[in-house]
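Student: So the chains spell out like this:
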Amino acid sequence: MNLDFSDDQKMLKEQVRKFLADKCPMSVTRRVLDGDEPYAKEVWKGLVDMGLTGTAIPEEFGGLGLGALELCVIAEELGRAAAPVPFSSSIYLAAEAIKLFGTQKQKETWLPKLASGEMIGTVAISEGTHAAHPRNIETAFSGGKVNGVKQPVADGGEAGVVVVAVNTGGSGEQAVSLAIVDTKAGGVSSEAVRTLDPSRENVTMTFKDAPAEILGDKQGEGWSQLSRILDGAAVLFAFEQVGGTEAALEMAREYALERYAFGRQIGSYQAIKHKLADIYVKKELAKSNAYFGAMMLNDEGAELPEAAAASRIAGSDAYVFAAQENVQTHGGIGYTWESDCQFHYRRAKLLALTIGAPIQWKEKLVSRLEAKNAA
Amino acid sequence: MDFNDTPEEAAYRKQVRAWLDKNATRKADAKGMELPRDLDALIAESKAWQKKKADAGYACITWPKEWGGGGGTTIDNVIYSQEEANYLVPGGIFAIGLGMCIPTVMTWGPEEAKERFVRPAVRGEEIWCQLFSEPAGGSDVAGLRTRAEKDGDEWVINGQKVWTSGAHFCDYGILLTRTDPNVPKHKGLTMFWIDMKDPAVEVRPIKQMSGGSEFNEVFFTNLRVKDSQRLGKPGDGWKVALTTLMNERLAVGGSQGNADTDDLIELARDTTIAGEPAIRHGGVRERIADWYVQAQGLKFTRFRTLTALSKGETPGPESSISKIVAAKKMQDLGSFGMDLQDMGGVIRDRKLSPADGAYTEQWIGAAGYRIAGGTDEILRNIVAERVLGLPGEIRVDKDLPFNQAPKGK
Ligand SMILES: Cc1cc2nc3c(=O)[nH]c(=O)nc-3n(C[C@H](O)[C@H](O)[C@H](O)COP(=O)(O)OP(=O)(O)OC[C@H]3O[C@@H](n4cnc5c(N)ncnc54)[C@H](O)[C@@H]3O)c2cc1C
Ligand SMILES: Cc1cc2nc3c(=O)[nH]c(=O)nc-3n(C[C@H](O)[C@H](O)[C@H](O)COP(=O)(O)OP(=O)(O)OC[C@H]3O[C@@H](n4cnc5c(N)ncnc54)[C@H](O)[C@@H]3O)c2cc1C
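Which chain is which? The protein sequence lines are A and B, in order. Each residue of the first sequence is one higher than the one before, starting from 1 at the first, in my numbering. Each residue of the second sequence is one higher than the one before, starting from 376 at the first, in my numbering.
These aren't lab readings, by the way, just hints derived from the structure by calculation. Keep in mind that this is a model prediction, so the values were computed, not measured. We put the CB at the ideal spot given by N, CA and C, even for glycine. Misleading hints may appear alongside valid ones.
Think about it this way: if two alpha-carbon atoms lie no more than 25 Å apart in a straight line, the pair counts; the simulated DSS-like pairs of lysine-lysine are [said to hold, decoys possible]:
no., chain 1, residue 1, chain 2, residue 2
1, A, K208, B, K726
2, A, K362, B, K703
3, B, K773, A, K273
A few chain A residues facing chain B, derived, Cβ under 8 Å [as the list claims (entries may be wrong)]:
no., residue
4, T129
5, H133
6, L196
7, N202
8, Y280
Residues from chain B that keep clear of chain A, each with C-beta distances beyond 10 Å, as calculated [unchecked claim]:
no., residue
9, V391
10, D396
11, G407
12, I450
13, Q457
14, E458
15, E501
16, S514
17, D573
18, K582
19, G586
20, F594
21, T689
22, R745
23, P781
Construct the entire structure; sequences and hints are all you get.
Tutor: Set out below in structure tokens:
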């Protein structure tokens with residue numbers, strides 16, 4: 001049995017961690033949150049220069065040809081730093097989607113650009129403040145054109161390529177296809193949408209006769225493709241969540257050691273000790289689920305759907321809880337703009353929603369378990 | 376045991392309703408209308424409304440008429456609040472002053488202070504804030520360091536308060552200071568009322584995680600106050616502060632403007648889980664049920680307290696559960712409301728989000744509410760120690776002179 005990363009993977013992780021500790025302290029996240037930059041360009045450039053964007057993209061398309069496990073260790077560090085960069089949209093989502101389901105030509109067109117970081121990609125699924133589903137996706141594709149509005153779209157304002165969930169007619173899940181839209185080809189406009197975490201850009205994206213082609217060239221498979229894409233992303237997001245949980249826990253622990261109330265360190269009170277212990281418990285459950293998810297993702301294992309859902313549920317639970325209780329441990333200072341607690345508070349909830357809320361994933365998980373159980 | 380109005384209560388309710396109908400807009404008819412978002416405008420509107428209420432005897436209903444109150448009963452007050460809740464009227468900015476500060480002045484202040492301050496506060500002409508918490512301690516408020524030193528007939532105050540809600544628009548405040556650092560911490564405190572507009576008082580707004588700035592840092596540099604501004608005896612400040620804090624526990628617990636189970640039912644009707652209406656989903660139904668039960672539990676706990684008050688009895692300790700439940704519910708319900716919106720739940724825009732964006736705002740605001748006015752942890756300690764009689768945790772600083780007690784940074 002071996003449920004651990006290799007020494008090379010650990011070295012990569014260490015390298016990313018050092019880079020981000022140096023170039024992406026919380027002051028950078030704060031700068032992006034406070035300002036108008038869509039993301040921290042110098043951090044992105046650094047990640048690109050390290051070759052990280054091409055990690056899991058095959059060599060023939062300009063990447064390093066490494067696997068999902070390498071992406072997982074990178075994700076954990078991006079999460080720890082609450083890094084304000086479009087890595088998840090461009091790599092875990094757009095690049096993976098094209099890599100998994102694109103035609104040879106689509107891969108040749110887009111993957112080298114995403115691998116080299118010269119272009120950012122994203123996916124566009126949501127159409128407002130409700131869950132997207134085959135029955136309610138209104139953005140339509142016909143005659144090579146996409147029409148409709150997607151909201152919110154992470155990193156949409158910067159994206160050169162967008163994989164869009166579209167309605168192509170037909171019934172049930174067959175109604176959905178994924179379309180690739182080149183945002184420079186016209187018909188696409190973006191407007192920033194205010195979110196709870198302004199350190200990550202989100203937009204409302206409007207398509208008006210935007211030229212597009214179907215991902216993989218076969219219509220009606222979008223929903224199942226999306227399901228696989230989101231499973232992979234769920235594992236990677238879970239690593240970000242584990243990294244974020246660890247960072248929030250560390251903040252809370254440090255503060256509990258230095259803050260005194262009633263003549264004692266607040267960390268000497270069981271209310272605080274047990275709170276931090278509870279975060280730790282959730283974090284370890286999340287981490288172990290994420291490790292199994294990583295293994296399934298890397299091997300394209302049969303249990304990927306369950307493992308991905310479990311990773312997502314545990315990761316979301318751990319990070320949101322840690323972020324909330326980190327503020328609580330800090331008392332009044334934790335609720336200020338000045339404090340760094342807010343970055344985890346925002347990011348935790350953003351990550352828990354961006355590729356679908358936990359309750360949707362719980363439903364998916366149990367449906368999957370049910371189907372297995374019946375088989 | 377019944378909720379029916381007695382004939383007198385029914386008459387009072389009718390009178391209240393008629394007055395409100397004449398002077399305010401029902402929320403049901405107020406579609407599209409809202410209270411001002413601009414602070415100055417909100418203050419002006421709040422003051423105007425408070426004055427109207429005072430003129431009609433609906434401000435501080437249970438307080439004696441000679442103080443500007445309504446001279447009514449606890450039940451009158453309940454009836455008025457129930458009715459007013461149906462109208463779009465400003466509230467809130469007087470809560471700390473009338474709920475906590477003025478009762479402290481009324482209990483401990485010299486006659487002249489009561490004469491001077493109670494009536495204008497009731498009428499909304501002057502607003503008060505509570506200057507207790509300091510950088511070194513909010514839970515451990517008795518560990519405060521702001522110094523007041525006697526100089527003839529005056530006291531000279533130096534130090535800093537923090538998290539003072541409303542200090543930026545308040546006229547007066549009650550200020551807890553250390554007057555003797557050589558005795559154990561609870562024994563060396565003294566309370567004063569102060570003029571917030573004194574040039575020796577500097578108010579600096581603090582930006583909150585929510586983006587708003589409702590609380591402040593307040594600095595005192597050689598602030599001189601007269602001995603007649605003292606509330607209670609020198610060294611009795613802790614006893615005086617407890618009056619304020621007891622009232623705080625009665626004052627908190629409201630959750631105006633937050634989404635509740637009714638909103639959640641509406642949201643669950645408009646959203647889906649795995650393509651099916653969220654309202655049909657067992658997980659959603661269970662959460663709604665749990666939160667409804669919590670809300671009812673709090674409401675009727677409050678009714679039990681009010682019943683005791685109206686009979687002239689001292690309410691039991693049950694009211695101390697209120698904020699423990701309300702604050703966490705506010706956070707969790709907000710969070711869940713965002714979850715029902717799925718990927719769109721990240722949007723923070725009143726125009727785009729359901730319930731005017733209430734879910735996100737309350738999820739963020741609850742992070743502060745779980746801390747303000749006694750943290751979740753401190754409130755649980757209070758239940759365990761004061762109500763259940765469990766021994767307190769070891770207190771290394773309690774009997775030491777304040778200047779020898781261990782302190783962090
Ligand atoms: C099913 C079962 C099987 C067992 N098998 C064995 C066995 O094979 N061999 C054996 O030697 N023993 C065995 N035990 C005993 C077990 O180890 C003790 O019951 C356990 O350690 C608790 O000790 P206690 O019963 O004295 O309770 P106490 O230690 O008195 O605890 C009472 C309560 O106080 C809490 N508490 C105590 N100290 C603290 C603290 N510092 N902070 C916070 N809370 C505290 C505890 O959590 C508990 O809730 C078994 C117990 C059970 C229930
Ligand atoms: C929105 C808001 C408005 C406020 N308005 C006012 C105001 O108008 N006037 C005013 O005076 N103050 C105000 N406060 C301050 C508030 O009362 C304090 O923030 C609160 O009491 C906590 O104190 P602290 O911030 O110093 O945290 P600390 O006391 O340092 O607490 C830090 C952590 O330690 C825990 N802790 C501390 N002691 C213990 C213990 N013995 N056992 C277990 N856990 C413990 C706390 O629960 C918390 O999790 C406000 C605060 C907020 C957030």
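Student: Which numbered hints are broken by the structure, listed smallest first?
Tutor: Hint check: 8, 16, 18, 19, 22 and 23 fail, others pass.
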